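Participant: Listed below are the residues making up each chain.
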Amino acid sequence: MFKLAARLAWRDWRGGELSLLFVALILAITSVTSISLFTHQVKQSMVAQGADLIAANLRLNSSQPVPALWAEQARTLSLQQAQISQFQAMIFADQGMQLARIKAVSENYPLRGEITVGQAAFDLGTAIQNGPKQGEIWPDSRLLASLNAALNDTIDVGKLSLKISQILITSPDQASGFSGFAPSAIMHLSDLEATQAVQTGSRVTHRWLLAGPTPALVNLKENINPLLTNGEKWQSPAEGNANMAATLDKAEQFLLLAGSLAVVLAGVALSLSARRYSLRQAKHVALLKCLGLKPKQLRLLYLSQMILLALLALAISLPLAWGLYQGLLLLLVDYIQATSILPPLEPFILGAGTGTLCLLAFVLPPMLALAKVAPAEVLRQSSSQSKANIGHLAIGFSAVIALVYWHSQSILISSALIVGVIIILTLLALLANLLIKLGNKLRPHLGQGAKIGLANLARRKNQNSLQVAIFGLALMLLFSLISVRSFLIDDWQQQLKQDTPNLFLFNIYQQERDSLIDSMEQQGLATKALKFFPIARARLTEPKLEDPRGDRELNLTWSQALPAGNSISAGQWWDSTNENTSASPLEVSVELDYAQRMGLTLGQNLTFNVAGIQHRAILSNLRKVDWSSMQPNFFFVFSRPLVEANSASYMASVYIAPQDRSKLGPLLRQQPTISMIDVDDILQQVQRIVAQLSLAVESILVMVLGAGVLVLVASIQASIDERRHESAILRTLGASKSLIRSILLVEYASLGFVAGLIAGVSAEALVAVLQNQLFQMPLQFHWPLWVLTPFTGMLIIGACGWWFNRTVVTAPPLRTLRQA
Amino acid sequence: MSLSTPFLAAQNVSQIVANPQATQANDLHILQDVNFTIEAGQSVAIVGASGSGKTTLLGMMAGLDSPSHGQLFLAHKDLTQLDEEGRAELRKHHVSFIFQNFQLLPSLTALENIMLPLEVKGSSDATALAEKYLDHVGLAQRGHHYPNQLSGGEQQRVAIARAFAAQAPILFADEPTGNLDTETGHNIIELLFELNQQHQTTLVLVTHDLQLAQRCQRRLSLSAGQLTELTNV
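So the protein sequences, as listed, match chains A and D. Take my numbering: the final residue in the first sequence is number 820, and no numbers are missing along the way. Take my numbering: the final residue in the second sequence is number 233, and no numbers are missing along the way.
If we strip away everything but chain A, and leave its shape as in the complex, we get (with noise of 0.2 Å):
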């Protein structure tokens, strides 16, 4: 039986009949494998980031240095370790002295990452990958520049003269917090006792970092975990840069998404190409079983068939996606890390178990019905056509649910795309009999052509339904999946304006303002663009919070303005024209999310303590902040200042370009007060995968759209022979080729009308949801999308009709009513 299943499905293949049911299977097996696979190394990319951010796969903050019988633990699992003592120290060179943060490495260190480092302050730096050797250090060029020193020169720690031997320019763990902005300088561990720096009751953070496999971690992770004490805490990669993790979350999410569609759209061009294909196997059934098949034989000769079919799909499948997935890589070889050369297992499991659902859902249940095709119907005239099966429909659909869940593993994209569906075929079967009705008042006022074209519309108005619904939904699911890309990449093209600042100064206080301008001009540097932000260090006193993080001192500022990139989400902003006096009360803005963390509510009374003086003010608005902006942004912003003009102190961001780096050097020297973080490189790296992710999303979007194209022609071929037949029969009674063109193109033009206005509301309806929901991004409404659509579905549908249907004018009548 495997045999003449083998023989049957070769012939039919040969034939063109397998053809699309195959492309179909083919394109959701490799969209989805090759986005999984992508997916899956973004996702191991983002981790091996987060790694270089903390140095290692694992850290212990600790107060205490790693116990001897731990680090021996870790060593019996065969992991990597380095040791970094961290602490501030008073740095003597012959020209100056200045507090900075000094990190004392052991000899590994960084275990994961790597060390820039340049001959000169503020260079662009060449990447090793260990730390200095004994009796070296390493200043930053901030320190180097308010030391007044150079390279080979010999400074002092406490008690211990090194020579600098190198500018560190960047660390992987370099600190991005407000601990960040002091100068820093590295030297090895080992010099560190000699120093004499550091003392009994001095303030040193000692991190532990280790490497290896994840078993092995989360072994030893278990294994010490009861010994912790409370200021010991372990720090994974996934608490990398959040920016950075943001965008790359965002990226998984629309490849997700994508990935769903495609699944989606491969799913319906399935069905479509399955239902044509055993409509037209029903007298090929009836003649088997003329010839003595029995149903069993016919049942199994089928799931034989499509046994073959999804081997030899899977065959090409598989490592079609692999080479597609290689070369998406190849792409982005300079923003993708490579973590293993093996390829992961789960993306090829994916593929093959959506391969494999997609036809036990959308073909196999046609197929095995075949069976039951009664054998007279050989002796027919013609074949009866039969009804779409709601059976057979119920099981595709919960498919494609339970696929997209599969694929997505979200609640909520599995629901949103459900919902849209839903809403489509609803709105779809209300609207084909609206176009009806229109259809046919219009008929009279209309030519030939039109007319008959309008009136096989009306005529099918079931089986015109169902494709404008096909249409409608392929076309909705394309415009949602533009809509997504062109905002995401909108949104992270906000982050590549040329002008993102990339250098914050702080500790400006009101009278260095002016002189920090005269500075930044005398060196040829641009302060069109530089921006100042009030700072006060404050923290909040009344209410009295649960979570202990509300107790820390934070930065605040005051603004008679809403900052930048900033939108208000409840209450409302203070009026800016509004002279905010003293009289006035006290008003407080504060940021949604941690506002909510902290339980504080709109309309409060709130007390803070600023450098000893109690203000309090009244939360009058919550703001939501976009943190991957790179502007300076702030948890409470006030009405009016909180203490006085002169004793204030700014903060300002700028844009250096690359050729204007080295005059920052003697910048610093003419402002040595002024202290200075340097976020180029972050800003850069951001850059980069922003540039990355974009080609992603847009050769996955090829994929999808390519898929959607195949909806379209399934959908088109589903419905082929039966004009072609009428189309014979009208040629038989007179009517020119053009005439029949005109009907085809009239038909077409208006389902690809009806189902682009359709698509377009319920795209913006499934985008709306997607931006706020799944993207957490503001809501936009795209008018285009209304009025490009239904002029977008007539091309489409119309082009794509006409296109395909182009034989249906040309077949020679009398072979087509021989052949029906």
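Honestly, the hints are just simulated from the structure, not real lab data. Keep in mind that a hint or two might mislead.
Unchecked claim - Label pairs and their computed distance ranges (CB to CB): (1) A:Arg14 to D:Ser50: 21 to 27 Å; (2) A:Lys372 to D:Gln211: 37 to 43 Å; (3) A:Lys372 to D:His29: 42 to 48 Å; (4) D:Glu85 to A:Gln409: 54 to 60 Å; (5) D:Gly51 to A:Lys737: 52 to 58 Å; (6) A:Ile390 to D:His208: 37 to 43 Å; (7) D:Ala18 to A:Lys372: 44 to 50 Å; (8) A:Arg280 to D:Thr231: 26 to 32 Å.
As the list claims (entries may be wrong) - Output of the computed footprint for chain A on chain D, the stretches with three or more beta carbons under 8 Å from beta carbons of chain A: (9) 29-39; (10) 96-108.
Everything numeric in this text was worked out from a predicted model, so none of it was measured. The beta-carbon is built from N, C-alpha and C at its ideal position, and this holds for glycine as well.
Fit chain D to the known structure of chain A by using the hints.
Facilitator: Only chain D this time, still in chain A's reference frame:
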């Protein structure tokens, strides 16, 4: 079932189609108490006007359809006692068909269409046998052509080759010339009877052409659901 049961027969066979919009009294009686017996090796024509139920009767005789009442015998087996699987098994070994609209699979070449019943039977020399029968029907050079590349007459020749290649003892032919012009139809009938004689097949031929029916040993006429045997004129 023993050989004492008839080779091919109908006993009080009726076929009733329920009228969904009317009472039982208005049900459509396509066949009413049809009785006949056909011996092995006979050629029998069933004649009657269009819509008289000829094709329905043929379908039942071949086990493609089941009667509402009565018994049908095929190759000494009571069809009404067999399930669909049993009837299919019977067809595989005992029955061949020729259809008015040829029923060639469009995705298969002429040769492959002839090979099909042999492959279903699991024959090891399907290709050689199919080539032999293709040659018999004068289409040796057209074996690799698809049905849509053949004329109506050629398609029916392929269908005849397929029917005889199966080497079944009973051949059912449903209006074999119905879709052909007179001359082609004549040639096809010549070929059909020639091969039938060679293979000593039992032939049941459904036709409305009385001239064609005359070539058979027996003629049964179907009218208003009743079957009567016509005597030689």
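Participant: Hints first: check each against the structure and report whether it holds.
Facilitator: Each hint tested on the structure:
{"no.": "1", "hint": "A:Arg14 to D:Ser50: 21 to 27 Å", "verdict": "violated, 38 Å"}
{"no.": "2", "hint": "A:Lys372 to D:Gln211: 37 to 43 Å", "verdict": "holds, 40 Å"}
{"no.": "3", "hint": "A:Lys372 to D:His29: 42 to 48 Å", "verdict": "violated, 26 Å"}
{"no.": "4", "hint": "D:Glu85 to A:Gln409: 54 to 60 Å", "verdict": "violated, 45 Å"}
{"no.": "5", "hint": "D:Gly51 to A:Lys737: 52 to 58 Å", "verdict": "violated, 37 Å"}
{"no.": "6", "hint": "A:Ile390 to D:His208: 37 to 43 Å", "verdict": "holds, 41 Å"}
{"no.": "7", "hint": "D:Ala18 to A:Lys372: 44 to 50 Å", "verdict": "violated, 20 Å"}
{"no.": "8", "hint": "A:Arg280 to D:Thr231: 26 to 32 Å", "verdict": "violated, 46 Å"}
{"no.": "9", "hint": "29-39", "verdict": "violated (count 0)"}
{"no.": "10", "hint": "96-108", "verdict": "holds (count 9)"}
This entry does not satisfy hints 1, 3, 4, 5, 7, 8, 9, going by the numbered hints stated previously.
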